[in-house]
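Heads up: the protein sequence lines correspond to chains X, E and R, in order. Numbering-wise (numbering that gives the first Met the number 0), the first sequence opens with residue 0 and increments by one. Numbering-wise (numbering that gives the first Met the number 0), the second sequence opens with residue 0 and increments by one. Numbering-wise (numbering that gives the first Met the number 0), the third sequence opens with residue 0 and increments by one.
Worth double-checking, as some hints may not be accurate.
To be verified - Restraint-style ranges between C-beta atoms, simulated for each label pair:
(1) R:LEU309 - X:LEU105: 42 to 50 Å
(2) R:ALA193 - X:SER186: 31 to 39 Å
(3) X:GLN18 - R:ALA218: 22 to 30 Å
(4) R:PRO222 - X:ASP88: 39 to 47 Å
(5) R:VAL4 - X:GLY205: 34 to 42 Å
(6) X:VAL154 - R:PRO222: 50 to 58 Å
(7) R:ARG116 - X:GLY205: 42 to 50 Å
(8) R:VAL46 - X:GLY205: 18 to 26 Å
No lab work stands behind these hints, which were simulated from the structure alone. C-beta atoms are modelled at their ideal positions from N, C-alpha and C, and glycine is treated no differently.
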Amino acid sequence: MSTPLKKVSAKPELLLSTQHHLCPGCGEPLAMRTILEIITELGMRDRTICVCGIGCYTAFPGIIDVDVLQALHGRAPSVATGAKRVLPDRFVFTLQGDGDMVSEGLQEIVHSAARAEKFTAVLLNNGVFGETGGHMTTTSVLGQRTKTTMDTGRVAEKHGYPIKIADLLAQVDGAVYVARGAMHTPSAIAWTRRILTEAFRAQLEGKGFSFVEILTMCPTDWYVEPSETPDWIEQNFTGTYPLKILKAPA
Amino acid sequence: MLPVQAVARQPATVTIDVETCKGCVLCVDVCPPHVLVMSEDVNRMGYRYPILLDGCTGCELCFKICPDYCFEVYRGAEDAAPLAN
Amino acid sequence: MPTRVLMEGSHAIAEAAIQAGCRFYAGYPITPSTEILEYMSHRLPQVGGVCMNAESEIEAINMVWGAAGCGVRAMIASTGQGISLMQESLAELANAQLPCVVVNMMRGQGDYYQATRGGGHGDYRHIVLAPSTVQEAVDLVMLAFHLADKWRNPVDVLGDFILGHTSEAVEFKPLDERDLPPKTWAATGARNRASHNVTPLGAPQKLNLNPGDHYAAIAAKYPEIARAERRVESGLLDDAELVVVAFGSPARFVKYAIRVCRERGMKVGWVRPISLWPFPDETVREATGRARLVAVFEQNAGQMIDDVRLAILGGVPVVPIGGISHDHSGFGVGPALEPAHIVARITEAYQGKAAA
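Looking at chain X on its own, in the form it has when it is part of the complex (with noise of 0.2 Å):
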């Protein structure tokens, strides 16, 4: 070959380790890699604070090159509203799970979305409480199998309907911008990242309260194989959770 090569990519500026205890075929690392390389774009690194909270995508905070604030579970929207309150020039954004965020912190968001806090949250929506070993959270869809729904999957007439919380914050004065995306395919991926930089950039313009929700892939606990992940996406969480935009400034 006498071409020389160059090196075209590599893992984020912003990745520490590549090591991660996430399992085969998880999605999230993908969510985090395309917000690490959106800040490098954007040059945002010195003045990033993550507010992250906690489920499987807590293996993150030790190994990205960013501050991180760590909230307590369900706590990351009143976390990053003490830090982008007090440091308006910071760009903040925070990192929550379905549980987290829709389960155990519902007020949170919906409050901080309506008070048009200037942050971006990001919520990584794989239907289950992984790192607990999947059980049913408020986002997981109607007849999905989790370790607390086994032998029906989710029925309505006993555990509820899934919250479509895109839709709910949608319709929060104070939100800004909101969509959905998803990492199960690259053009989902690229999709994902333009959402992703369409959300920080209300931020860093002061626009107010921004929302990602990225549908991220969870083998382990929807029973499949990872290569199985990508139909299971398109056959069971898009219906529920379409890929689009819902909200955008003007």
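Once you have looked at the hints, place chains E and R on chain X.
What follows is chains E and R alone, placed relative to chain X:
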């Protein structure tokens, strides 16, 4: 995206950190020219890992879908886009 | 030049916080702490600070978490019920080593255990300071911010309805705080430095996940605090046969009652713990060394009496002479605080008629 045949002539390759790989196979499924196959051997963690055959186009899809940050992608200089993207 | 101004206790506490450099406050209305929130909502913006009228106690304490985590002096106030809601965060704020000031304007004195033991999980301590006058509340709030930064730990100020709603002339005397180190640990965006974490879950350094070492290091801090930060006041102990122990607002009534008892020929003295954690056990032990009896007046079913007994270690009998006593709203301004009642209880104890 360019048709696979068109870019296949460009020199391109990937490096794979096989010791970090957890064998999820997402890269194999996503590879347009089907030049990734899983090993028979296992790495230190006990996972099979992808091996690159001839014919890589440098399309970066394996890199983009890999949850374990195993891939780096190299392309011929005339075709190379900047790293940040 | 310092000047004295007449202020209601709650407002004085809020103003003291601002003069100590507090620039973030979050609160949820609850009697009798609400006036602190009201004062903060108009005063903090005047000095470039932020006051959040939060939607719940849990959100309020976690907003304080965020501001404190960015290195800003932050305070929250509530009463025992609201403090109960915050317990998970109050426990983990200590593990995250986040300095902040937590004011509990109690209803009576039923939150002694809550403050000194904590309702939260794990091995943690808060420093607890209990003022008995509005001036002392001002001084202790300023000290609380200093100690919180010095030890990187939450500090509680334990007041009550009477303290919050009593107006007294006060003077604000900011402390010399030049000895405090800069808050290089704060999450501010990693400009010109390595990034780090502010976390209750492990070490602040990246690539260093070892929660066990982290918790052990924090646990090692508490005995140091206990040695350094005991505070206590006492009087009339030289010939005292009976020593009365009381804290907070009720201690003012006790001091008056003891003067009355002295005028009636009784050899009685008093001890007032100012820091409830660390409890001033050595002073209490020494103060009671020559007494034949110790009586504890507290406006609850008997909580501090345990710490008094632990301090005395059986050397002298200890009897309770306080009790639960409320007004019609349950805010703890009860008839047990009548000086005549306290005099009668002390007299009973002095005459050996108090039940152990």
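Now the hints, each set against the structure:
1. R:LEU309 - X:LEU105: 42 to 50 Å: Given range 42 to 50 Å: holds, Cβ gap about 43 Å.
2. R:ALA193 - X:SER186: 31 to 39 Å: The hinted range 31 to 39 Å holds for ALA193 of chain R and SER186 of chain X, with Cβ atoms some 36 Å apart.
3. X:GLN18 - R:ALA218: 22 to 30 Å: Holds, at about 29 Å.
4. R:PRO222 - X:ASP88: 39 to 47 Å: Hint holds: Cβ distance 41 Å, inside 39 to 47 Å.
5. R:VAL4 - X:GLY205: 34 to 42 Å: Between VAL4 of chain R and GLY205 of chain X, where Cβ atoms are some 39 Å apart, the hint holds.
6. X:VAL154 - R:PRO222: 50 to 58 Å: About 54 Å separates the Cβ atoms of VAL154 of chain X and PRO222 of chain R, which means 50 to 58 Å holds.
7. R:ARG116 - X:GLY205: 42 to 50 Å: The hint (42 to 50 Å, Cβ to Cβ) holds, given that ARG116 of chain R and GLY205 of chain X are roughly 45 Å apart.
8. R:VAL46 - X:GLY205: 18 to 26 Å: holds (23 Å)
The earlier numbered hints are all upheld by this structure, with none contradicted.
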